[in-house]
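Asker: Now for the letters of each chain:
Number of protein chains: 2
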Amino acid sequence: MFPAFSQTKAKTAYFCEPCGNECDRIAFNKPGKCPHCGMALSLQSVATHEKNMNLKRLKVLFYLQNGVEVLDFAGPMEVFSYAGFDVAVVSKTKDPIVAQGVLKIIPQYSIDDAPPADILAFFGGAAGNATNDPAVIKWVQNAPKPEYYFSVCTGAFILGKAGMLDNLTVTTFHESIEELRKAFPKAKVLSNVRFVDNGKIITTAGISAGIDGALHLVEKVRGRDVAVQIAKYMEYDKWVPAQGLVVDKQIGTAK
Amino acid sequence: MFPAFSQTKAKTAYFCEPCGNECDRIAFNKPGKCPHCGMALSLQSVATHEKNMNLKRLKVLFYLQNGVEVLDFAGPMEVFSYAGFDVAVVSKTKDPIVAQGVLKIIPQYSIDDAPPADILAFFGGAAGNATNDPAVIKWVQNAPKPEYYFSVCTGAFILGKAGMLDNLTVTTFHESIEELRKAFPKAKVLSNVRFVDNGKIITTAGISAGIDGALHLVEKVRGRDVAVQIAKYMEYDKWVPAQGLVVDKQIGTAK
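Protein sequence lines correspond, in order, to chains A and B. Just so it is clear: in the first sequence, position 45 is 45 by UniProt numbering, and no numbers are missing. Just so it is clear: in the second sequence, position 35 is 35 by UniProt numbering, and no numbers are missing.
Check each hint, because a few of them may be wrong.
Any copy will do: because identical chains look the same in the list, a pair fits if it lies in one copy or spans two.
Unchecked claim - In the DSSO-like style, the derived pairs of lysine-lysine whose C-alpha atoms are separated by at most 27 Å in a straight line are: (1) Lys92 x Lys104; (2) Lys33 x Lys56; (3) Lys238 x Lys33; (4) Lys104 x Lys59; (5) Lys182 x Lys232; (6) Lys104 x Lys138; (7) Lys104 x Lys94; (8) Lys30 x Lys182; (9) Lys238 x Lys11; (10) Lys220 x Lys182; (11) Lys220 x Lys238; (12) Lys220 x Lys188.
Don't read these hints as lab results, they were simulated from the structure.
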């Protein structure tokens with residue numbers, strides 16, 4: 001166990017990378033690994049660290065339907081967890097769902113008791129189990145408005161069905177581009193882009209592109225340094241920041 | 001619904017990409033999406049497709065300990081599922097485990113009833129919950145020998161504790177390289193490599209590097225075309241095949 005000195009008067013100290021647990025707030029007086037979460041300790045300005053800790057901890061709700069793709073949600077779940085966001089899983093009910101026919105998951109919340117979220121996220125893989133369920137779409141429409149909506153892959157169809165993609169530039173899984181265009185003709189659907197950020201609504205391309213979209217959202221709210229640090233920690237070596245489209249309110253106008 | 005013609009005499013037909021379900025065997029007479037699994041249909045030689053279908057369907061057991069990292073296992077789970085492998089989750093017991101403090105998972109098997117596997121896979125994130133549990137290590141040592149052992153991130157410590165890394169060249173999570181060297185001094189531990197393949201034992205670097213290692217293992221047993229097709233489908237655009245080390249029996253000799 002390393003000696004911690006939370007009441008330090010030193011200007012710099014060693015802190016673990018944000019893991020979302022209480023140890024994020026512990027100051028250590030030498031490098032090594034955090035004895036609580038196991039993450040590496042890095043030298044930081046105490047003032048900057050305290051400022052970061054006072055940032056609001058964002059609540060992210062992952063809506064997972066039965067049949068959801070594993071990597072669609074697991075990439076963003078990893079990224080948002082390392083950003084220190086408070087991540088939870090919601091589904092139509094609290095009954096177990098099976099992701100990709102393999103992974104049996106127990107949701108924390110149902111649509112009847114899900115708390116308000118800062119980020120509401122949707123994923124592909126049997127997205128029809130959400131889009132064809134009026135109770136789910138009604139929940140998406142009526143849930144307390146989050147700061148950001150985020151979709152990976154064919155999760156975009158869920159946002160579309162809830163009427164949220166009209167007049168926006170968006171993207172989806174490469175094999176579902178035409179289908180999304182037909183389903184939501186008021187949206188401008190782009191292919192060959194990792195993510196499209198409309199300010200409040202971020203849609204990403206398929207499966208592993210969710211990692212890039214999540215890193216972009218972290219960069220947007222916590223800064224590029226934090227996003228780069230997370231990508232490095234995850235050994236997502238080939239990540240290129242900002243490799244997506246950020247649009248102004250006017251359709252298709254890149255910033 | 002597309003018309004299927006499994007009894008076709010045609011030389012070519014449209015088949016869905018291998019998803020591991022029965023629809024893998026259905027021949028369609030025009031392109032589109034598989035009405036069963038939703039995957040794109042591609043034109044293939046009927047003879048080649050039948051030959052591929054007769055390949056043994058590999059059984060992959062994912063050992064997941066409480067606290068396992070989500071992306072560590074989700075990347076390989078996605079890759080192996082698309083390769084048509086039969087993937088299942090085993091843990092010490094069938095009680096739910098929580099991955100990364102967020103994702104509550106119900107294992108299909110416990111170490112007491114896990115079936116024999118062709119690939120036995122281990123992952124990082126609280127790996128100590130496995131390495132410090134004599135019953136788990138005994139199971140790893142005594143389980144019917146698979147064709148391949150596969151580890152991602154600090155999952156290498158589980159193989160090491162079971163005595164399987166001696167005299168091999170291996171890798172692990174970038175921040176655990178020194179720790180693995182100290183724990184298993186008979187192993188040659190490399191840094192800055194996405195994966196190391198010793199023939200029967202494949203270890204990968206941290207977290208997202210598991211995707212690369214899994215694609216490598218698919219390439220090894222099903223050929224590069226299948227691995228490239230899966231990477232493309234997953235939109236893992238920047239994947240570079242063979243970006244790892246394949247060693248001969250002699251330590252550190254690259255093929």
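Asker: Hints first: check each against the structure and report whether it holds.
Answerer: Evaluated hints:
1. Taking identical chains as interchangeable, the C-alpha atoms of lysine 92 and lysine 104 lie at most 27 Å apart whether they share a chain (15 Å) or sit on different chains (16 Å).
2. In this homomeric assembly, lysine 33 and lysine 56 come within 27 Å of each other (Cα to Cα) only inside a single copy, at 25 Å, whereas the closest approach across copies is 44 Å.
3. In this assembly of identical chains, lysine 238 and lysine 33 lie within 27 Å of each other by CA distance solely inside one copy; the values are 25 Å within and 31 Å between copies.
4. In this assembly of identical chains, lysine 104 and lysine 59 lie within 27 Å of each other by CA distance both inside one copy and across copies; the values are 23 Å within and 18 Å between.
5. Taking CA atoms no more than 27 Å apart as the test, lysine 182 paired with lysine 232 passes between copies only; the shortest distance there is 24 Å, against 39 Å inside one copy.
6. With identical chains, the CA atoms of lysine 104 and lysine 138 are at most 27 Å apart both within one copy (25 Å) and between copies (26 Å).
7. Taking the closest pair of Cα atoms, lysine 104 and lysine 94 come within 27 Å of each other both inside a single copy (12 Å) and across two copies (11 Å).
8. Taking CA atoms no more than 27 Å apart as the test, lysine 30 paired with lysine 182 passes between copies only; the shortest distance there is 21 Å, against 58 Å inside one copy.
9. In the homo-oligomer, the alpha carbons of lysine 238 and lysine 11 never lie at most 27 Å apart, since the shortest distance is 34 Å inside one protomer and 41 Å across protomers.
10. In this assembly of identical chains, the alpha carbons of lysine 220 and lysine 182 never lie at most 27 Å apart, being 31 Å within a copy and 40 Å across copies at closest.
11. Taking identical chains as interchangeable, the C-alpha atoms of lysine 220 and lysine 238 lie at most 27 Å apart whether they share a chain (19 Å) or sit on different chains (23 Å).
12. Proximity of lysine 220 and lysine 188 under a CA criterion of 27 Å is satisfied intra-copy only: 23 Å inside one chain copy versus 41 Å between copies.
Violated hints, in rising order: 9, 10; the structure is consistent with all others.
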